[in-house]
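Visitor: As they're listed, the protein sequences go chains P and H. Position 285 of the first sequence, counting from 1, maps to 285 under the numbering used here, and the rest follow consecutively. Position 87 of the second sequence, counting from 1, maps to 87 under the numbering used here, and the rest follow consecutively.
It should be emphasised that the hints constitute simulated quantities derived from the structure, not laboratory data. Backbone N, C-alpha and C define an ideal beta-carbon position, used for all residues, glycine too. It is possible that some hints are incorrect.
[Said to hold, decoys possible] Selected chain H positions facing chain P (in silico; Cβ < 10 Å): (1) Thr93; (2) Leu105; (3) Ala111; (4) Leu237; (5) Ala259; (6) Ala271.
[Claimed, not checked] The following label-pair restraints were derived from C-beta to C-beta distances: (7) P:Ala185 x H:Ile82: 42 to 50 Å; (8) H:Leu156 x P:Asn199: 54 to 62 Å; (9) P:Gly160 x H:Ala157: 38 to 46 Å.
[To be verified] Here chain H is said to cover these stretches of chain P; the calculated rule only asks that three of the stretch's residues, wherever they fall, bring their Cβ under 8 Å from a Cβ of chain H: (10) 98-106; (11) 295-304.
Spelled out from the first residue to the last, the chains are:
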Amino acid sequence: MSTEVTSCEPRAVPKLSAIPVSRRFHALLFVALAVGLCALPAVVSGYTMTLAVEIMIAGIFTSGINLLTGYTGLVSLGQAMFLGLGGYGIAIGTALLGWPLWVSAPVTLVVVAAIAAAIGAICTRTRGVEFLLITLAFSQMFYGAVVKLRWTNGSDGMTGIPRPDLSLLGVSADSPATFYYYVLAVSVLALLLLWRIVNSPFGSILVGIRENERRMMSMGYAVANYKIGSFTLAAMVCAVAGILQAQYTYFVSPDTMSWQTSGEGVLMVIIGGASVIFGPFVGAAVFVVVKQALSLITDEYNLFFGIFFMLVVAFFRGGVLGALSTLIGRRR
Amino acid sequence: MQYFLIQVLNGVQLSMLVFLLAVGLTLIFGLMNILNLAHGAFFTAGAYFGLVVANKTGSFWFALLIGPLLPFVAGFVLQFFILQPLAQRGRSTHLDLALLTFGLLFATAGAVEYIFGSAFHSIAMPEILKGRIALLGIEYPLYRLFIIAVGIATALALVLVIDRTLVGATLRAGVDNREMVTALGININGLFALVFGLGSALAGFAGVISAPVMSIYSNMGMGIVVTTFVVVVVGGLGNLKGSFYASLIVGMTDTFAQAFLPEAELFAVYALLIVVMIFRPQGLFGAVGRVA
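Hey, can you work out the whole structure from these sequences and the hints?
Guide: Next up, the structure:
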């Protein structure tokens with residue numbers, strides 16, 4: 001880790017801005033990933049597969065944050081609230097209301113979108129550190145509400161969240177390999193969708209807002225609406241991760257919404273390199289593996305999480321992918 | 001009525017405690033444009049250092065005097081040797097620095113847990129401040145009145161220093177035009193680090209002073225620091241007087257929610273913040289909109 005830190009230091013960027021990653025590099029990475037990921041359950045043990053599932057769920061969560069932070073330039077410390085809302089959404093839908101999963105999940109996403117649009121409308125009135133504080137306050141508010149609410153079992157959380165019923169395909173989602181493919185499919189879909197979004201005119205406007213908001217305003221774009229749009233889409237992606245996470249553990253608790261979870265998300269964005277489409281998944285992979293390794297050697301997770309966080313923020317802007325792609329670009 | 005009066009006093013007491021934290025946070029932001037998310041860490045560090053001193057000497061007053069020294073040094077070092085150089089190399093925006101202090105907050109909580117364990121501690125009240133005092137027909141703990149008095153005294157002292165002294169004038173000049181102050185031969189980096197240290201010391205001071213009425217534990221800073229964020233946003237980031245009024249508003253809201261509407265306990269303060277954000281995104285007392 002420490003050697004990588006020093007090697008990328010001089011090339012680090014002044015702010016969360018785009019690092020040009022060549023198209024060929026993207027394509028190469030994509031093919032390698034696709035082959036590797038599909039073959040994974042056949043070659044590795046159950047533990048590695050669990051790790052892969054955790055990485056992909058964290059990757060989807062981080063992708064949502066990346067749309068907001070990396071592309072639109074709004075740094076939020078409250079995205080965990082949407083992770084939690086996703087989990088609680090299907091928990092309430094399936095366990096309390098008795099709806100089937102294929103109803104609960106879309107309803108959850110629609111509700112999260114509505115909530116996010118309202119919250120976004122308030123939060124995007126501010127920028128910079130104030131935006132960071134407001135999003136933090138909102139997520140703390142939801143956290144407080146969930147801890148207090150009796151019909152969601154308060155701080156104990158809710159159990160018995162169902163995984164999708166895949167008996168039509170002749171498999172059970174309770175088996176690790178099947179659940180792995182299910183999460184992989186959702187990840188690919190989410191990634192394709194995000195890829196479409198950031199390469200659309202809408203995505204360009206978001207980048208424009210990040211680079212120079214005043215100019216975008218004077219060019220006649222309704223900047224406020226685009227920010228709210230970005231906030232809402234990001235929230236929905238985070239909620240998808242929340243649904244997957246709740247299904248993965250069959251459980252959701254207020255801890256999902258803690259501000260440490262939000263911080264972990266921002267950390268994964270930075271590690272992966274903000275505003276690179278694959279970045280969040282690379283960041284998630286590094287983070288999950290480091291977290292697992294730390295839990296093997298020490299109980300003081302907070303201490304090392306904090307130190308790791310500080311080092312990454314201070315020395316590691318641009319992330320792993322940014323460093324890799326400049327290395328490859330330089331060799332040509 | 002008596003219950004109501006007790007709640008009012010409790011509210012003022014909480015407000016003063018939060019103010020001691022908020023004043024450092026808002027001063028640091030106003031001067032250096034740095035959002036110090038690790039402010040709660042200094043609160044924790046002060047409380048634990050005070051605990052160590054109190055255990056060694058058996059004196060609350062020594063703890064109150066020496067406890068804030070550790071956060072002072074830590075704050076000075078953080079600003080002078082870490083945040084300032086990172087900001088000056090131009091690679092780190094103030095958002096990066098805010099995130100760095102976010103990491104520090106968790107590192108401190110972890111370090112404290114590693115050294116002291118996760119048990120709850122407390123510092124004994126000094127003899128002279130024990131007991132209750134009759135006041136407007138109620139009996140109120142003397143120590144809580146002491147906290148209120150200390151808070152008001154701190155506020156007055158700060159207003160005097162910033163409005164009436166040369167140091168205060170230099171600070172105000174530093175906010176307005178940093179280059180000019182440097183050109184006049186003032187070591188602005190040293191001054192800023194000093195202010196950062198003092199703000200941190202005030203947070204540590206709040207940690208020690210709250211120890212006899214609240215418990216000391218490794219995550220004690222996390223809860224109160226979010227309340228403090230609400231205060232500085234409601235008061236207008238960087239606004240000293242605003243943070244005093246906002247402390248009272250937030251402290252009262254929190255206390256009254258706990259007393260009369262316990263279901264909304266964890267909720268009321270944030271609801272207040274959201275209402276303020278809808279109508280005045282620059283804060284209730286923010287005169288000039290700051291494009292941060």
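Visitor: Once the shortest beta carbon distance from alanine 271 of chain H to chain P is found, is it less than 10 Å?
Guide: Hint on alanine 271 of chain H: holds, closest Cβ of chain P at ~7 Å, below 10 Å.
Visitor: Please check whether the stretch 295-304 of chain P has three or more residues whose CB lies within less than 8 Å of a CB on chain H.
Guide: Satisfied; 5 residues make the cut.
Visitor: Report holds or violated for the interface hint on alanine 111 of chain H, using the least CB-CB distance to chain P and a cut-off of 10 Å.
Guide: holds, 5 Å
Visitor: Would the hint on threonine 93 of chain H be counted as holding, given a Cβ-Cβ threshold of 10 Å to chain P?
Guide: For threonine 93 of chain H, the interface hint holds, since the closest Cβ of chain P sits about 5 Å away, which is under 10 Å.
Visitor: Is the hinted range of 38 to 46 Å satisfied by the C-beta distance from glycine 160 of chain P to alanine 157 of chain H?
Guide: The hinted range 38 to 46 Å is violated for glycine 160 of chain P and alanine 157 of chain H, with Cβ atoms some 58 Å apart.
Visitor: Taking a Cβ-Cβ distance under 8 Å as contact, does the stretch 98-106 of chain P have three or more residues in contact with chain H?
Guide: As far as the stretch 98-106 of chain P goes, the hint is violated, because 0 residues have Cβ atoms under 8 Å from chain H.
Visitor: Take the shortest C-beta to C-beta distance between leucine 237 of chain H and chain P; is it under 10 Å?
Guide: holds, 6 Å
Visitor: Holds or violated: the hint that alanine 259 of chain H contacts chain P, with Cβ atoms closer than 10 Å.
Guide: violated, 16 Å
Visitor: Let's test the interface hint: is any C-beta of chain P closer than 10 Å to that of leucine 105 of chain H?
Guide: Given a least distance of 7 Å, the restraint on leucine 105 of chain H holds.
Visitor: 42 to 50 Å was suggested as the range; check whether the CB atoms of alanine 185 of chain P and isoleucine 82 of chain H agree with it.
Guide: Given about 44 Å between the Cβ atoms, the range holds.
Visitor: Taking the CB of leucine 156 of chain H and the CB of asparagine 199 of chain P, does the distance hold inside 54 to 62 Å?
Guide: The hinted range 54 to 62 Å holds for leucine 156 of chain H and asparagine 199 of chain P, with Cβ atoms some 59 Å apart.
Hint compliance for this structure: hints 5, 9 and 10 are broken, all remaining hints hold.
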